[in-house]
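There are 2 protein chains.
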Amino acid sequence: MDTTSSLPRGFLWGAVRARIKPSGRADLSAIIAPETATAAALFTTNKIQAAPLLIDRRHLAANAGRIHSVLINAGNANCATGEAGFAAAMQCCDAAAETFGCAAEAVFPSSTGIIGVPLPVEKVRAALPALRNSIGDTAEHFAAVASAIMTTDTRPKTAHATIDIDDKQVRIAGIAKGAGMIHPQVAAAPHATMLVYLCTDAAADPALLERLLTAAAETSFNRISIDGDTSTNDTVLLLASGASGANLSRDNSGPFATALSEVCTSLAKQIVADAEGAAHLVELNIRGAASDTDALRIARAIAHSPLVKTAWAGSDPNWGRLIAAVGYAGAEVDPARIAIHLGDLLICESGGRAAAFDEAAAHRYLSQPEFAVHIDLGLGNGACRFWTCDLTREYVSINADYST
Amino acid sequence: MDTTSSLPRGFLWGAVRARIKPSGRADLSAIIAPETATAAALFTTNKIQAAPLLIDRRHLAANAGRIHSVLINAGNANCATGEAGFAAAMQCCDAAAETFGCAAEAVFPSSTGIIGVPLPVEKVRAALPALRNSIGDTAEHFAAVASAIMTTDTRPKTAHATIDIDDKQVRIAGIAKGAGMIHPQVAAAPHATMLVYLCTDAAADPALLERLLTAAAETSFNRISIDGDTSTNDTVLLLASGASGANLSRDNSGPFATALSEVCTSLAKQIVADAEGAAHLVELNIRGAASDTDALRIARAIAHSPLVKTAWAGSDPNWGRLIAAVGYAGAEVDPARIAIHLGDLLICESGGRAAAFDEAAAHRYLSQPEFAVHIDLGLGNGACRFWTCDLTREYVSINADYST
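Quick mapping for you: the protein sequence lines, in order, are chains A and B.
The opening position of the first sequence corresponds to residue 1 in the numbering used here, with each subsequent residue numbered one higher.
The opening position of the second sequence corresponds to residue 405 in the numbering used here, with each subsequent residue numbered one higher.
It should be emphasised that the hints constitute simulated quantities derived from the structure, not laboratory data.
Be aware that a few hints might be false.
[As the list claims (entries may be wrong)] Cross-link-like lysine to any residue pairs, in silico, SDA-like; alpha carbons within 20 Å at most:
id : chain 1 : residue 1 : chain 2 : residue 2
1  : A       : 47        : B       : 738
2  : B       : 451       : A       : 349
3  : B       : 673       : B       : 784
4  : B       : 451       : A       : 47
5  : A       : 47        : B       : 673
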């Protein structure tokens with residue numbers, strides 16, 4: 001795919017090193033919409049919210065949902081930093097507004113990294129001229145931002161879609177970061193330090209964008225968990241430049257909604273596939289639940305069970321741990337109706353060990369880098385699809401010595 | 405302490421090898437009340453319940469809350485084993501009734517170990533004559549049961565108390581097992597495969613015993629978590645032989661309630677201290693919450709956070725992860741009022757990094773095998789005390805290759 005031609009028009013991207021990350025890698029990036037873009041944003045439901053999120057809400061309200069400059073730093077979350085942290089984020093916005101030629105209210109700041117450490121504003125300010133010089137509209141510029149927002153990620157995460165709306169070509173491009181503290185729930189909010197930036201060159205009013213983004217996030221970012229820890233900084237931003245000339249309305253937005261959902265699902269799965277220390281990407285398919293809510297409760301209980309996740313790390317078909325998690329999920333359950341498949345392999349039927357259970361085959365199936373667990377509750381039509389990963393010694397190693 | 409003289413009168417204990425555990429260690433044990441004992445039991449709230457728990461409820465109801473023989477096997481949970489598992493547990497009860505000379509309804513079966521594997525009834529039956537020959541009333545007999553109920557535990561867990569009631573000496577002795585799948589919630593139920601057996605030689609009717617046991621469990625077993633996984637087999641049993649001659653009533657039960665609570669708290673802390681792979685026993689003290697329920701929500705969120713628990717494994721004073729967990733706990737929170745101490749060390753005040761935060765001192769404090777985390781929400785009078793542990797590479801190793 002020629003990714004430059006698949007990039008939405010009306011945006012510029014750039015990234016530089018501000019030396020916030022101890023590694024010295026690029027850590028300050030910008031997404032610029034020179035003609036401005038309409039915006040919708042979803043934020044974490046965590047009650048502790050980082051300073052930039054507070055400012056993002058204010059700026060979107062003050063500027064009628066239009067954004068000119070997105071300024072993202074990695075290496076520091078600017079969270080639990082009190083009034084000084086809020087002031088630091090405002091100073092960054094003021095400096096970015098001056099650098100990129102817009103009102104401070106048209107700046108959308110984002111931060112990710114360690115919590116509780118003052119944001120080094122001077123490093124940000126000092127790097128802004130270089131950041132301005134770095135911006136451009138090619139695939140390389142786009143890729144540079146995808147890399148600069150990474151923290152413990154091992155690889156950048158991007159996704160693209162192109163559709164026709166009213167005979168005009170519309171492009172969607174998304175980037176995401178996140179590998180730990182990932183259990184997003186965006187409720188016009190996700191949980192994780194997950195950052196997601198979606199750009200499209202369709203035109204749409206902020207209310208329609210929010211409706212589309214909320215629906216797409218619900219079955220993508222809100223259906224993943226790495227460790228069940230809900231971040232203070234999760235942000236999903238959708239920007240619409242209108243540069244394609246296509247106008248989205250409630251009547252013609254169906255194909256766009258589908259494409260947006262595919263981009264979000266791709267990014268969500270890429271996040272789980274790059275989970276800290278993980279060796280397996282696991283798709284959970286829950287069906288036959290009394291309700292969709294119950295299906296989601298069961299998926300979350302499984303995705304948060306250290307015993308299930310460590311069994312997966314060993315490719316161990318210990319379905320007893322799965323069924324125990326089903327039982328404590330808080331969902332309606334009739335033990336005698338539960339069936340569990342690993343891929344196509346039946347391992348539990350009528351709540352007990354399946355006669356056909358082939359432990360060696362199940363172990364081989366679970367040895368693959370990606371596998372699926374299907375649980376049928378046998379009660380109703382409630383269903384959900386959810387992605388999670390295993391819990392490994394490497395996850396512990398990565399997180400047992402993070403800040404010190 | 406002379407533990408034999410501190411043992412409650414009216415009970416016999418014994419344990420043998422039935423070869424259910426692959427290790428070949430003692431795995432079948434009995435607690436016998438020759439003159440029978442009144443009983444109260446709390447069971448897991450997991451909706452998947454092991455066969456012995458279903459039978460325990462029936463037998464307590466059928467026999468007016470009186471128990472003669474407690475039969476416990478380790479190495480197999482007899483859970484998710486369907487009707488065959490229920491029949492297997494009944495066969496064990498019938499055989500135990502014959503062996504120990506009581507009605508089948510006076511037998512209280514317990515199982516702990518792997519889920520979803522048929523219980524080897526013949527091994528149990530074959531070991532019963534040796535089990536009958538093994539029983540006695542000394543500290544060694546009591547200790548033998550404490551060892552035989554272990555699964556991944558590295559050491560037996562026992563606690564004792566002696567009090568005077570109406571000028572008569574009353575003894576309480578408890579044993580417990582559990583090192584993983586530990587997040588008990590006894591609601592006349594706990595979560596974990598936690599098994600707890602409490603014996604006293606006071607006399608009390610089953611309703612009073614249940615009231616006392618529920619109260620004692622609420623601030624002990626229901627205040628611990630190792631991995632957040634709620635077992636299908638958790639059981640807490642309190643037996644009262646009456647052999648001391650002291651009769652408990654609502655009016656004189658205060659000192660007994662206090663002693664029972666101390667025994668339960670000691671056992672609960674011993675379980676967490678022996679948690680699979682854990683290097684640190686952590687006491688959480690939450691106060692200043694809007695309600696006790698909110699305080700418990702916060703304690704549970706922290707105790708279940710892989711990011712907090714891995715930071716503890718590295719003695720890493722990463723309080724940002726603590727405050728993030730406070731934020732997603734679902735409790736009322738005002739970020740600007742939160743204060744966090746590690747022991748006596750202030751690390752966070754007014755929701756931000758404390759001026760006095762001494763990272764090196766905090767790291768040294770967290771390097772101890774036991775430490776305390778104090779969180780003050782600054783909102784109200786809600787409080788709770790909770791015990792949990794760190795999450796280590798060893799926990800993953802122990803659980804990544806359990807059944808295969």
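A quick look at each hint next to the structure:
As the CA atoms of residue 47(A) and residue 738(B) are separated by approximately 8 Å, the hinted pair is consistent with the 20 Å bound. Distance restraint check for residue 451(B) and residue 349(A): the Cα-Cα separation of roughly 17 Å lies within the 20 Å cut-off, and the hinted pair is therefore satisfied. For the suggested pair residue 673(B) and residue 784(B), the alpha carbons sit about 27 Å apart, so the restraint of at most 20 Å is broken. Straight-line distance between C-alpha atoms of residue 451(B) and residue 47(A) comes to about 31 Å, which puts the hinted pair past the 20 Å bound.
Restraint check: the Cα-Cα separation between residue 47(A) and residue 673(B) comes to about 31 Å, which exceeds 20 Å; the hinted pair is violated.
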